[in-house]
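S.K.: The primary structure of each chain is shown beneath.
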Amino acid sequence: MMQELTELAKFTRVLEQQNSTSFVTYADLHQWCCEHPGVFWSALLCYSKIPFYGNLNPALTGTDFIDREFFPNITLNYARCLLDDSLDTSTGDLAVTVVAETGQVESVSRAELRTLTLSVASTLRDKGVVSGDRVVAIARNSIESIVACLACAALGATWSSVSPELGATAIVERFGQLQPKVLFTNTEYTLNGVVNNIEDTLSEFLAGVSSIEQVVMLASRDPLVEPDQLLSSDANVLRWEEMLGDTCLTLEELDEYPFNHPLFVLFSSGTTGVPKCIVHGAGGTLLEHLKEHRLHGDLGAKDTLLFQTSTGWMMWNWQLSALASGTHIVLYDGSVSCPEKSNLLKVISDHGVTVFGTSPAYIQFLIESGVVPVSLHEFPQLRVIQSTGSVLSEAHFSWIVESFKKVPVQSVSGGTDMIGCLVLGHPELPVHTGDSQCISLGIDVRVKPDDANLTKLAHVGTGELVIVKPFPSQPVFLWNDPESVKLKSSYFDKNPGVWTHGDQIRISESGSPRILGRSDGTLNIRGVRIGPSEILTVVNQIDGVHESMAIEQVSPREPGGSRLVLLLVMHSDEPLERPFVLQLKKRLALEASRLHVPAVVAKVPALPRTHNGKLSEKAARDAINRHEVVNFAALSNPEVLAEIQQQVPEAPL
Amino acid sequence: MSEEQKLRQLIIDWLDDNYHFGDAESLIDGDEERSFLQSGILDSLGFVSLVLFLENSCSVSVDRSNLSPENFDSLGKILRFIIPLPNYKLG
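First to last, the protein sequences are chains E and U.
My numbering applies: residue 1189 is where the first sequence begins, and numbers increase by one.
My numbering applies: residue 527 is where the second sequence begins, and numbers increase by one.
Each hint should be verified, as a subset may be incorrect.
[Said to hold, decoys possible] Derived pair list, reagent style DSS-like, types lysine-lysine, alpha-carbon separation capped at 30 Å:
1. U:Lys603 <-> E:Lys1534
2. E:Lys1806 <-> E:Lys1657
3. U:Lys532 <-> U:Lys615
4. E:Lys1774 <-> U:Lys603
5. E:Lys1644 <-> E:Lys1676
6. E:Lys1791 <-> U:Lys532
7. E:Lys1593 <-> E:Lys1534
8. U:Lys532 <-> E:Lys1774
9. E:Lys1791 <-> E:Lys1806
[What the hints assert, rightly or not] Which bits of chain E does chain U cover? Going by a derived footprint, with three or more residues having C-beta under 8 Å, they are:
10. 1380-1391
11. 1760-1773
[To be verified] Going by beta-carbon spacing under 8 Å, a handful of chain E positions derived as facing chain U:
12. Ser1523
13. Cys1526
14. Lys1529
15. Glu1556
16. Ser1557
17. Gly1558
18. Phe1680
19. Arg1745
20. Ala1777
21. Ser1781
22. Pro1840
The set of hints was computed from the structure by calculation and includes no laboratory data.
Built from N, CA and C at the ideal position, the CB exists for glycine as well.
Next up, chain E with everything else stripped away, as it sits in the complex (with noise of 0.2 Å):
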């Protein structure tokens, strides 16, 4: 019998009848698809048969990454492009299921959650939401956080949501930017067998932001915040079951928007201060994430993906909008690991999920905890596992393939700054351990080797992962960035005229590349980034401390392969107290969150600097994972490298 072709087959020669020409490798594709952007792009379009209007051309203005726009005479709407009714195949397809940690398990089909969303969209229509307006979420894995998102889309209103884990401080420091009108929440959360209440946090946020009108409580069972609890709040508070009104619009009634009109915030991890609020368009967003899910990841109507994310990640966003393949999604809520250690692989075995998206930190918890998945479900459907959050070590692979189970392991890395992927998977190349399968289609990447100029970027070799040509899922714009200067800064002085996306990469002759780890100051903590101003913020205001540094230090026993050491010096000469220690992670954990808690607190007698004055995290960084310090000459006191690597032992192997 013929093999069903995939999607990304079926693309290419559609590509390769429309134009002409024939593809031999994926490489002779990839390297079309980047010279001819415009068109690559406007075919993707055209054979996702998602809903959109006006006219193709131009596919893209501009000539640089600041001033190009992608198909700026093309109109569509997010939530309808996702609940599109063509893509249902028979009455009751399920569209979401969400499993909680207790067991309980929630589902809607696709025409439920487009009754849903559009009787929300109504509500908040009703309640004065308009385009434009930020409506913020501090939510937990739920139907009614999908169901929140998508009406706020069909409305033409930016969405941006957080874990109800992170601290108030951190909540503020991101929704205060945004001036938002409308907050979705739950009031509380359960986390490994505990509930958890967030109203203190929930009354600080409301305190700190004063342009919240309306507050949603996102799950019935949650206990209703009075307008009293909320300080000094003037915002009224609204029950879900009030949300779901009489009056409900269809999807015809939806207004469409431009092809770049601000769909989701997502925050930078606040490497040099505040995270920054990195927006992203809807047709971009949709765009990238239609060429990951079907082309790379074959995922369709007869897929159940489930990945392993909070609201507060980009896959979030990301595995919302595989419902515009028809693809059923499963998210999960609360530990991975209660109340027994292989939840997780229930769900996955008990929903028939396709494809499963994790985290290094994961397998290594399974890996230590002694679960050997292959051992407990047999996983009929699943045909693909997926991991992203840090750098998916080639034991890791290889313990998937002989103790979960024997399929490719596609190891995904990309990022919020462009709400994708920039290496994963191919439904068709070999998986080489240790590797991403390939580069995105049409994503232009490149190396940039160390010491080497902007005129000798490679296609192979190992250096700083740049892009050289613009891609629609960058970011339309940052939030309070009128002259671009926040972005210009973000991306693109270190190497002016490319996108610099602060990774360190490895692509093979064969073309197969790997990510070795971040090139700029950002740490990554279990899977999970994090910006060092996010810590040192808290730090700083600690009576006694005079200034810190926050650095990442490889620790193979540690998920995700590495710990957070905390560098201070203090006013006084006195030796660290214990309590000082502990009130100081205390203050971390409740202001920002357990991640961002240091493994290793150390007294040191001054921080690395530069010869202009600027610290040095890769000097302290290279120090304490006794590498070669390799800007040892730049420093104008390299004496307290000694000094910190004395502090600071080798974490155990």
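Keeping the supplied structure of chain E fixed, place chain U upon it in accordance with the hints.
M.R.: Frame of chain E, contents of chain U only:
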């Protein structure tokens, strides 16, 4: 200080360093059999980290089939399980 007391303090310090930042003793509240899971003192991911720490600190090896609440869900259970293991030695 007895061997049991030493190990107990080691575990309290680890809980404080990694999870409760000075509040571990008050959470246990004098009840050596208080369930770590049910009282939110430790989650199942934390069990794995604690076992790795104890293996390193006490020179023992824990068979992963024994990594269960029966052996690790309270201070008392951990002390009774870890101390009799072959090669147990603190420090």
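S.K.: Need the status of pair E:Lys1806, E:Lys1657: alpha-carbon distance at most 30 Å?
M.R.: Satisfied, since the Cα-Cα distance of roughly 29 Å is no more than 30 Å.
S.K.: Under 8 Å, Cβ to Cβ, is where E:Ser1781 needs to be relative to chain U, so tell me if that hint holds or is violated.
M.R.: Interface hint status for E:Ser1781: violated (13 Å vs cutoff 8 Å).
S.K.: Given E:Arg1745 was flagged as interface, is its beta-carbon under 8 Å from a beta-carbon of chain U?
M.R.: Holds. Min distance 6 Å.
S.K.: Decide if the proposed pair is consistent with the structure: E:Lys1774 and U:Lys603, CA atoms, cutoff 30 Å inclusive.
M.R.: The hint holds at about 27 Å.
S.K.: Under 8 Å between beta-carbons, do enough residues of the segment 1760-1773 of chain E, three at least, approach chain U for the coverage claim to hold?
M.R.: holds (count 4)
S.K.: Taking the least C-beta to C-beta distance, is E:Ser1523 closer than 8 Å to chain U?
M.R.: Holds, about 6 Å.
S.K.: Given E:Phe1680 as an interface hint, is its Cβ closer than 8 Å to any Cβ of chain U?
M.R.: With a minimum Cβ separation of about 39 Å from chain U (threshold 8 Å), the hint on E:Phe1680 is violated.
S.K.: Holds or violated: U:Lys532 and U:Lys615, Cα atoms, limit 30 Å.
M.R.: 11 Å, holds
S.K.: With the threshold set at 30 Å, check whether the alpha-carbon distance from E:Lys1644 to E:Lys1676 stays at or below it.
M.R.: 22 Å, holds
S.K.: Against chain U, does the segment 1380-1391 of chain E show at least 3 residues with beta-carbon separation below 8 Å?
M.R.: holds (count 3)
S.K.: Does the structure keep E:Lys1593 and E:Lys1534 at a Cα separation of 30 Å or less?
M.R.: 14 Å, holds
S.K.: Holds or violated: are the alpha carbons of E:Lys1791 and E:Lys1806 at most 30 Å from each other?
M.R.: Judged against 30 Å, a Cα distance of about 18 Å means the pair holds.
The structure does not agree with the numbered hints 18, 21 stated previously, though it agrees with the rest.
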